[in-house]
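J.: Fit chain B to the given chain A structure using the hints.
There are 2 protein chains.
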Amino acid sequence: MAEKTKTNKFPEVRGGGSLILAWRIKDKKVLVVGGGEVAAGRILNCLDADAKVTVVCPASGLNPEVAHRVECAQVTHVDRLFEPTDLDGADMVLVAIDDPAASTTIWKLCKERRIPANIADVPPECDFYFGSVHRDGPLQIMVSTNGKGPRLAAIIRRHIAKSLPKNAGNAIEAIGTLRAKLRKMAPDPEASPKRMGWYVPLTMETRLEPR
Amino acid sequence: MAEKTKTNKFPEVRGGGSLILAWRIKDKKVLVVGGGEVAAGRILNCLDADAKVTVVCPASGLNPEVAHRVECAQVTHVDRLFEPTDLDGADMVLVAIDDPAASTTIWKLCKERRIPANIADVPPECDFYFGSVHRDGPLQIMVSTNGKGPRLAAIIRRHIAKSLPKNAGNAIEAIGTLRAKLRKMAPDPEASPKRMGWYVPLTMETRLEPR
Numbered sequence: 001m002a003e004k005t006k007t008n009k010f011p012e013v014r015g016g017g018s019l020i021l022a023w024r025i026k027d028k029k030v031l032v033v034g035g036g037e038v039a040a041g042r043i044l045n046c047l048d049a050d051a052k053v054t055v056v057c058p059a060s061g062l063n064p065e066v067a068h069r070v071e072c073a074q075v076t077h078v079d080r081l082f083e084p085t086d087l088d089g090a091d092m093v094l095v096a097i098d099d100p101a102a103s104t105t106i107w108k109l110c111k112e113r114r115i116p117a118n119i120a121d122v123p124p125e126c127d128f129y130f131g132s133v134h135r136d137g138p139l140q141i142m143v144s145t146n147g148k149g150p151r152l153a154a155i156i157r158r159h160i161a162k163s164l165p166k167n168a169g170n171a172i173e174a175i176g177t178l179r180a181k182l183r184k185m186a187p188d189p190e191a192s193p194k195r196m197g198w199y200v201p202l203t204m205e206t207r208l209e210p211r
Numbered sequence: 001m002a003e004k005t006k007t008n009k010f011p012e013v014r015g016g017g018s019l020i021l022a023w024r025i026k027d028k029k030v031l032v033v034g035g036g037e038v039a040a041g042r043i044l045n046c047l048d049a050d051a052k053v054t055v056v057c058p059a060s061g062l063n064p065e066v067a068h069r070v071e072c073a074q075v076t077h078v079d080r081l082f083e084p085t086d087l088d089g090a091d092m093v094l095v096a097i098d099d100p101a102a103s104t105t106i107w108k109l110c111k112e113r114r115i116p117a118n119i120a121d122v123p124p125e126c127d128f129y130f131g132s133v134h135r136d137g138p139l140q141i142m143v144s145t146n147g148k149g150p151r152l153a154a155i156i157r158r159h160i161a162k163s164l165p166k167n168a169g170n171a172i173e174a175i176g177t178l179r180a181k182l183r184k185m186a187p188d189p190e191a192s193p194k195r196m197g198w199y200v201p202l203t204m205e206t207r208l209e210p211r
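Protein sequence lines correspond, in order, to chains A and B.
Each residue of the first sequence is one higher than the last, beginning at 1 in the UniProt record's numbering.
Each residue of the second sequence is one higher than the last, beginning at 1 in the UniProt record's numbering.
Isolated chain A (complex conformation) (with noise of 0.2 Å):
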């Protein structure tokens, strides 16, 4: 029994999982290789988070969507098949294009040049993987399947945006501005520890909670 208590006292290490991050990409510069309709999702994923996105794919091969994206000045294009110059100034390298020993030679690039790379649909040629996101406002929930069932992902995110309470996008807002105002007032954490405490709760609530 005394065992058992010892054991249970922190979190037990589940492993298998991925690190789920939240990117700041403004203003960095991601690299779109291919223009079809995984590239127009990746696409609009990078412009919600205010990225620079450069889309490398020939005229022809543009979808609808990414030809839209094109018209409106919202990404570079570059009208031709990747070159490894591409990659010079890139923060992140996203591919969907439909030739796996292309998209090999591009990932292997990336990580000699140290730059974080998706591959679509190859998941061991994946720094990272996407997943299905609902969004309102500041609040952004995020669902992965690690790469096992994305379509089930979407039905999941459905679920949860339809259980969300109408106004949880403003009700974060509010906070947001009531934490900016506390930095203001007491902007060294030293002088005044509970600061670091208010900051605390997100990963430790998760684990020591009963599920």
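Certain hints may be false.
Intra- or inter-copy, both count: the list cannot distinguish identical chains.
The calculated DSBU-like cross-link candidates involving lysine-lysine, where the alpha carbons are at most 35 Å apart (straight line), are [as the list claims (entries may be wrong)]:
id: 1; residue 1: K111; residue 2: K166
id: 2; residue 1: K162; residue 2: K111
id: 3; residue 1: K162; residue 2: K26
id: 4; residue 1: K166; residue 2: K108
id: 5; residue 1: K108; residue 2: K29
id: 6; residue 1: K26; residue 2: K166
id: 7; residue 1: K162; residue 2: K108
id: 8; residue 1: K184; residue 2: K111
id: 9; residue 1: K111; residue 2: K9
id: 10; residue 1: K108; residue 2: K181
id: 11; residue 1: K52; residue 2: K26
Quick caveat, the hints were computed from the structure, so don't treat them as lab data.
T.: The following block gives chain B in isolation, referenced to the frame of chain A:
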């Protein structure tokens, strides 16, 4: 009216969000600087994703949970304050110390070396934010408020966890097995364009359906 139809044909860019991604950090070296409560949460997140974690912190500064991880050899412990050589070979750096000047120094070193980093409680010195994550086998659901209200994120996460069917994780595991079989049967997407179709769903479904 024709104008309106045209505008609505493709999802509009909303901006202001983060790019939420599931990072594969299995066997990657994650350096955690600090050994307090925030560090403990970060460490658990990383261990749940099978990372190799190194904690740099004087032994006297370890909180009980971090000390427990060190005792169990779940993490490598460097018993002193941070030194720049600690960054050698690091794939990701997480800083959670109550020393703004030291934090900023580490942040700058990480940027020079192109290592993704998060300085807890200093939003401008973060490549990414953490959120509140629900986990059920391969299913992970992350709630981010883009730094505005972490406690509210935890509340929303709990609400979501309660609303999910009990067997969601198992269902996704089964779908994953089916997809792996499909990949073996049709390894070449060009020969079987429907496979890429199967893969497409996420971002497009996310945005094209009514909310």
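J.: Run every hint past the structure and note whether it holds.
T.: Hints versus structure:
1. K111 <-> K166: neither (42 Å within a copy, 39 Å between copies)
2. K162 <-> K111: neither (40 Å within a copy, 40 Å between copies)
3. K162 <-> K26: Classified as both; 29 Å inside a copy, 33 Å across copies.
4. K166 <-> K108: Answer is neither: 45 Å inside a copy and 40 Å across each miss the 35 Å cutoff.
5. K108 <-> K29: both (19 Å within a copy, 19 Å between copies)
6. K26 <-> K166: within (27 Å within a copy, 37 Å between copies)
7. K162 <-> K108: neither (41 Å within a copy, 42 Å between copies)
8. K184 <-> K111: Between copies, since 26 Å is at most 35 Å while 40 Å is not.
9. K111 <-> K9: Cα proximity of K111 and K9: none, with 40 Å in one copy and 37 Å across.
10. K108 <-> K181: between (46 Å within a copy, 26 Å between copies)
11. K52 <-> K26: Both, since 7 Å and 29 Å are each at most 35 Å.
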